[in-house]
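When you line the sequence shown up against mature numbering (1 follows the signal peptide of the UniProt record, and there is no 0), it's residues -21 to -1, 1 to 304, in that order.
One or more of the hints may lead you astray.
What the hints assert, rightly or not - In silico DSS-like pairs for lysine-lysine, Cα to Cα no more than 30 Å straight-line:
id : residue 1 : residue 2
1  : Lys119    : Lys150
2  : Lys152    : Lys119
3  : Lys118    : Lys148
4  : Lys166    : Lys148
5  : Lys166    : Lys45
6  : Lys150    : Lys166
7  : Lys41     : Lys212
8  : Lys169    : Lys148
9  : Lys63     : Lys213
10 : Lys45     : Lys213
Stated by the list, open to error - Across the chosen pairs, the derived CB separations fall in these ranges:
id : residue 1 : residue 2 : range
11 : Ser59     : Pro299    : 15 to 25 Å
12 : Thr20     : Ala167    : 42 to 52 Å
13 : Leu268    : Thr39     : 11 to 21 Å
14 : Ser111    : Lys223    : 46 to 56 Å
15 : Leu260    : Lys213    : 36 to 46 Å
16 : Ala109    : Lys213    : 43 to 53 Å
17 : Thr39     : Asp115    : 34 to 44 Å
18 : Asp115    : Gln154    : 14 to 24 Å
19 : Pro256    : Lys223    : 36 to 46 Å
20 : Asp115    : Asp280    : 23 to 33 Å
Please keep in mind that the hints were generated in silico from the structure rather than gathered at the bench. Heads up, the beta-carbon is just placed ideally off N, CA and C, and yes, glycines get one too.
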Amino acid sequence: MATRAKALRLVAVLITCVLTASCSLFGSSSNTSTADIERNTLRIGVLPVVDVAPLRIALTDKLFEKAGLQVNLVTQPSESEAIKQLDTTLDITWATHVSLFRSVAEGTELQLQGEAYQAGPNSMALVTGATSDYDDPGKKPAPTIAVNSETDIGGLTTRAVLDTAAVEKQKIKFQSMPYGDMEAALKAGKVDAAFMIEPFITKAQRNIGARILTDTARGPTLDFPLSGYASSKKFAEQNPKTLKVFRDVLRQAQQRAQANKLAVQDSLTSYADVDQPTAALVSVGTFPLSLNPIRLQRVADMMDTEDVLSGRLDVQQLLPPGTTS
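Produce the entire structure from the sequences given, and follow the hints as far as they go.
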């Protein structure tokens, strides 16, 4: 009996040692990814567009929290204003690639931290009013088009698509206005068409009976890379480990969004001023899982061709060190 008791005590000690070591091991591994990051809080600039739905999903699913990051999404009035706020009130911002590349060309030192969104069918389009006779892209030789900015994605893709319809680019008359004002401009007949993205397209269709004149993700802009996330180069150099964690979580969030478009549509009701019936009709594009320099170079080269940039921009130079795809 004594021998058996001793054996049982020995087994108990061994089990305790194994469990203690295991706990120590697992505890150590769970903290490894976040223990040495430079900071645990990130302020990210966003606009109320489909592109940022994965960030909302990541917050709902506590993906950032599990990775040791507290993320605050800060709604911005415009992309240009958000880019200006980097290193002051923002650490990272969402913006279209066109806005980001134009800022770099103007002297802003940025580093790309992730791709956000890629165009799909009717995720961006030229939209007309319900009673408009503008029913073919080539029908008007000098159309007046509402865009969020003549030098942003709206102006760039509108020129490309209307050019294929034999409309001379120099004859297009652009009127710059926020997406939220385009619906009223169409209804009042102040513009012939408006370049819109989701969820503004679906909202205009439901609110005023707007019609899609042409999908602008076609021909030269098929599957066009629309937007991404960037930090200042200074912030990136000071916080490489933190941004690596951000990119890892973003990839997880993008995967979830890509696999569950219904979750994307549902998330819109929480931040994009749309009700559930409208959200259910929103066209959803693609959420890329990585920074792809070849894909992004396509945007920069089109900007060069359309004279939005004064010369060719090498996108590879804007990627984090070691990032090749």
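Status of the hints after comparison with the structure:
1. Lys119 x Lys150: holds (10 Å)
2. Lys152 x Lys119: Answer holds: Lys152 to Lys119 is near 11 Å, not above 30 Å.
3. Lys118 x Lys148: Distance ~14 Å between Lys118 and Lys148 Cα, so the pair holds.
4. Lys166 x Lys148: holds (25 Å)
5. Lys166 x Lys45: violated (47 Å)
6. Lys150 x Lys166: holds (23 Å)
7. Lys41 x Lys212: This hinted pair holds, its Cα atoms lying about 27 Å apart.
8. Lys169 x Lys148: With a Cα-Cα distance of about 20 Å, the restraint between Lys169 and Lys148 holds, given a limit of 30 Å.
9. Lys63 x Lys213: holds (14 Å)
10. Lys45 x Lys213: Holds, at roughly 26 Å.
11. Ser59 x Pro299: 15 to 25 Å: holds (23 Å)
12. Thr20 x Ala167: 42 to 52 Å: holds (44 Å)
13. Leu268 x Thr39: 11 to 21 Å: Between Leu268 and Thr39, where Cβ atoms are some 19 Å apart, the hint holds.
14. Ser111 x Lys223: 46 to 56 Å: holds (49 Å)
15. Leu260 x Lys213: 36 to 46 Å: Holds: the Cβ-Cβ distance is about 42 Å, inside 36 to 46 Å.
16. Ala109 x Lys213: 43 to 53 Å: Hint holds: Cβ distance 49 Å, inside 43 to 53 Å.
17. Thr39 x Asp115: 34 to 44 Å: For Asp115 against Thr39, whose Cβ atoms are near 43 Å apart, the range 34 to 44 Å holds.
18. Asp115 x Gln154: 14 to 24 Å: The hinted range 14 to 24 Å holds for Asp115 and Gln154, with Cβ atoms some 21 Å apart.
19. Pro256 x Lys223: 36 to 46 Å: holds (40 Å)
20. Asp115 x Asp280: 23 to 33 Å: Given about 29 Å between the Cβ atoms, the range holds.
When each numbered hint is compared with the structure, a violation occurs for hint 5 only.
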